[in-house]
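Novice: Listed here are the chains, written in short residue letters.
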Amino acid sequence: MSRVGRNITVSIDRLRHLGHRQDRPGRIASDASTCPKCDSHYSGDEMRRNLRVCPACGHHFPVTAHERLEQLGEPGGYVELWSDLRAADPLQFTDIKPYVDRIREAESKTGMNEAIVCAEIEVRHVPCVAAIMDFTFMGGSMGAVVGEKLARACEHAAQKGIPLIILSSSGGARMQEGTLALMQMAKTVIALDALAEAQVPVIMILAHPTTGGVWASFASLGDVTYAEPGALIAFSGPRVIEETTREVLPADFGRAERQLANGQVDAVVDRRELAARIGRVLHILAPPDGEALLATPPGWAQGGAERVGRVAQSLPSIPGKIMGRIRPGSGDDEGPAE
Amino acid sequence: MSRVGRNITVSIDRLRHLGHRQDRPGRIASDASTCPKCDSHYSGDEMRRNLRVCPACGHHFPVTAHERLEQLGEPGGYVELWSDLRAADPLQFTDIKPYVDRIREAESKTGMNEAIVCAEIEVRHVPCVAAIMDFTFMGGSMGAVVGEKLARACEHAAQKGIPLIILSSSGGARMQEGTLALMQMAKTVIALDALAEAQVPVIMILAHPTTGGVWASFASLGDVTYAEPGALIAFSGPRVIEETTREVLPADFGRAERQLANGQVDAVVDRRELAARIGRVLHILAPPDGEALLATPPGWAQGGAERVGRVAQSLPSIPGKIMGRIRPGSGDDEGPAE
Amino acid sequence: MSGGKPDGPSFVRRVTGKLGRSSGAQVDEDLWASIQLARHAERPYTLDYINRITSDFEELHGDRLFGDDPAMVAGFGRFHDRAVAFVGQQKGRDTNERTYRNFGMASPEGYRKSMRVMEIANRLGMPIVTLIDTPGAFPGASAEERGQGGAISRSMQLMWRLDVPVVAVVIGEGSSGGALGLGIADRVLMLENSTYSVISPEGASAILWRDASQAKRAAQAFKPTAANCYRWGVADAVIPEPPGGAHTDHEQAAEILGQYLQRTLLELEAQTPAERRVARRDRFRRLGPLRDPEGGVAMASGRDAPPPG
Amino acid sequence: MSGGKPDGPSFVRRVTGKLGRSSGAQVDEDLWASIQLARHAERPYTLDYINRITSDFEELHGDRLFGDDPAMVAGFGRFHDRAVAFVGQQKGRDTNERTYRNFGMASPEGYRKSMRVMEIANRLGMPIVTLIDTPGAFPGASAEERGQGGAISRSMQLMWRLDVPVVAVVIGEGSSGGALGLGIADRVLMLENSTYSVISPEGASAILWRDASQAKRAAQAFKPTAANCYRWGVADAVIPEPPGGAHTDHEQAAEILGQYLQRTLLELEAQTPAERRVARRDRFRRLGPLRDPEGGVAMASGRDAPPPG
Ligand SMILES: [Zn+2]
Ligand SMILES: [Zn+2]
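Residue numbers (our numbering), protein chains in the order written: chain R, 1 to 338; chain A, 1 to 338; chain S, 1 to 309; chain P, 1 to 309.
Source of the hints: derived by calculation from the structure; they are not laboratory data. You can take every hint at face value.
Calculated lysine-lysine pairs in the DSBU-like style (CA-CA distance at most 30 Å, straight line):
(1) P:Lys216 x R:Lys97
(2) A:Lys37 x A:Lys109
(3) A:Lys97 x S:Lys216
From the structure, some residues in chain A lie toward chain P, with a derived Cβ separation under 10 Å:
(4) Glu197
(5) Gln199
(6) Val200
(7) Ser220
(8) Thr225
(9) Gln259
(10) Ala261
(11) Asn262
(12) Gly263
(13) Gln264
(14) Val265
(15) Asp266
(16) Arg280
(17) Val281
(18) Leu285
(19) Pro287
For clarity, every value in this text was computed on a predicted model and none was experimentally measured. Positions of the beta carbon are idealized from the N, C-alpha and C atoms, including for glycine.
Modelling step: build the complete structure from the supplied sequences, incorporating the hints.
Specialist: Structure follows, in structure tokens:
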């Protein structure tokens, strides 16, 4: 990897092709799980097959970054970028334990080097750059490495002229890097604009949780923004708000469904539909060269249900009471891919 | 007056110098008046001396456009522009009576040709273009002449590189010119941008009433926006809203003070302070050449009260209950010019 | 693009022959019938057109400020091998959906969602198509307190500033500033039975005649038909509807609309952003006839405008 | 510009000597004392500076969307013969004013008012100065539901996009994204006793030590002083305060601030908008040290940065 001037160039021959990996990262997520919402119990395989969504109640479990890439991509896999960047300790920071120990523990727990994985990937045949945050690595917190990798991802996508997909799952800035972690908010916001200049879209996926300095920087600046069901999306979390203002918050405060009603996201998308939905919008905004793929529309766009689905899609799939308005009568046949 | 291409050029030697005129226009406003708020009675001279603000209760009476220019300008007067433009009747419109009759009546009632007066004027020594609407001419409604004169005023100010002052007082688009009246909203909004391109500021004064298509076009796009106390500022008026939605509106609905709390205007300014306040912001944004004038600060900026005034000015002068917040304790000494 | 059918001007002559006369009881009825067609309950609405003319459409939601307004639809669609941003007021067909869509009357959130989507389209270099169909912007206290006037004016300002091609199509009822808020475009097209007016006939009746029952007379006075708007220079072309009106054949209505749109976009895409912006400004600058005694008759607009008063 | 006093780097060395050491109980106390000075009740606040360094200042109100936020001040001032836009969080001095100003914690309306004024300034070609003084953005449900996160991120995005010169000055407490929301500038200056941190010491204490009483320890861990921020590359210069701190002499504090501002603006005004934007991007792009095994140590930032872990 070489840095030219202040900008980043990637020497492709140095990239490590990771492909499908069933074992290395994502150790936690592959464990057997009990659903915290409905108490159903599932094996790790069942969870993996259902994209870690509870088949009984639809609860969305956490997913590691590498498993996310497997969920989004084609069978051909993905090419990870800049995987060797690792945190420094600019403040020589210690709270209850030293920051360097925390990093070591996170590395050994997750098998990862940092809280974000960047990759070149094809989503429904559209080549993209993906930047996927991983909550299992120190709460997905954003320090200099996350900021740097996000900035490189923006620059790389702009340079290649291909879309950028960002998935956020983070408690915010990484406290242990202090003021310099705060500055990553600025860095990522500015870097995102490289995509606008290159006329390349960015698709933002907000997974649970997207809070603090991540929500208040790049994560709120997608051209198209989807949130996973139940994801907490907030600058200040509920506990801080309740402690500071003594407000009593509604149970769904800051959750994806409520933030849709607040006008903060474009849609709440079930994880099992996510790759198709991203593929669909990419085929509208930035289809692969040749356009020939449009001759064979993806599965979700076929059949007689297509039009119904598109009409239903125009109606937010949230309960009427949240909107404070009456839902139209067509709620029964929501169509296939919504 | 000659038109070159689609743009407007003014041959200055054709401009009529009107100067101070005590009698021709503004017949209504010069009448003796009884205050609708406190029942005090005043002679026309008393009204004129107090800028048509009730000395007892502060109620702001209507003012004709020409008297407005006298209030704003220097003793040297002003130079009216494009005063001969008059309405056509593109729809050959008749409601209860023909539009042409309505125009004739408005002309003879007001002594004016249309619901707006444009002029070159100096406000506190700063040369400006002013476009002043007059509610007495068909409710200040905006037809093609008002739209055209506003557009020329924008282009003239941009061409000369001097600020534009617009005072709105209008019920909205002129119904009798139908769809073509609606299009004046578009024309004025686009014309205003000539000022931004010329890096010249526009000061917007919202007088009672500023409603309908006037509020929904140029009137809401000032760089600095002052409203007169009590002015109704709304797109839909209270009666239409109550009839359509059956809502019960608060007494101060749409009024300047409430619109300040709604974030819609920069300040509510008493008419007796208006010329000084406009002069002050012009001296900040676009002072006359030479800067020498700053050596002799205008009256309102002199004396020991200056700093107090500036601090107090930063606090909106509206009752605490409107803001839903507690007013700071410094409310007693508001300073001289606020 | 098949055949010579979508030919604005020649078609307009036909419409003009039908609706252009200005007196006589029978004409009143024709004009009133056309105005009623503009808001026929079975008339295709914004999403009916978008879903038919795009190969796929992704609707976006929310203004990122306060909420999402179902009365306004905005999103990205694939139209003739390019991405196009579509924005339009959306009416509802049954009672529930009408309420949900607020009868196509948008709140500030609607205009701000539209602006957000237009800004993205402008950055990504996508043309923008607006579909206008509204009795007006929502006249409610909440809308006023969140700046309805400023939302409409800023929407117009943004549309005038756009670098990308912009086409506005009045598909049904285009009333008041709520309609014009989506109307600053390089080309303004109107469906044969659509209307574009400063106010609805009912509103005008109440205000001007102080009698809510004079809607027909008001319509006759305003004559806000597509043909007249074309004459006034307000519309650049009139898009024919299937015989009997767009409500009789949604498919055909959408196909014709799509053909007009594609031809118009191709025209505009051949121009530079600077050329489009100058022409866009001049297009609106010249609307509105008036009398200028010093400069002669300054009949600023109109292909076939009436003589000065 | 009189004398050699406002000399950032040389002054910084002095401050560094005082606050830069990283161990020992006495140093803790020095650092804690400096952090307490940053939020001293008598410290000059945003309007105290603006009113002193401008020959006149016109405050503007409202975001034109929802409301006006007294926690954020924005307006146009006359500074050294030019118009300058000033924006900053405003704290209150007595209980009533503190409540009115919401302790300098801005809501989305505050950032949106600021953005509105910055956009006007950018169009009119006026330089922009932000004064940062906040414990953070307002953590309230209303602020969240109206998009606090997006308000801060869009404020940063707008500031990065500005063509005019932009200078940010941390005058007191610069905590969290609420501070950085006004911090994207060509130059970031910090007053001698100001702080710039990812979180307040109290907040960090509660989160990291799970014990609200560890604020001093948190401060020692974060060491968010002006001198350290200068070392990290977060601040471009440290502005000296009168002996004893800015609260002892508002007049002198404002005079020094004004001198630094004027010198900085003159520097920036000599550059083109394109030059400023490239430098502005690069300035933030390089912040944040990390380890890059393939490229060696990618110590991206810092004038005097510590060695990699
Ligand atoms: Zn479950
Ligand atoms: Zn009175």
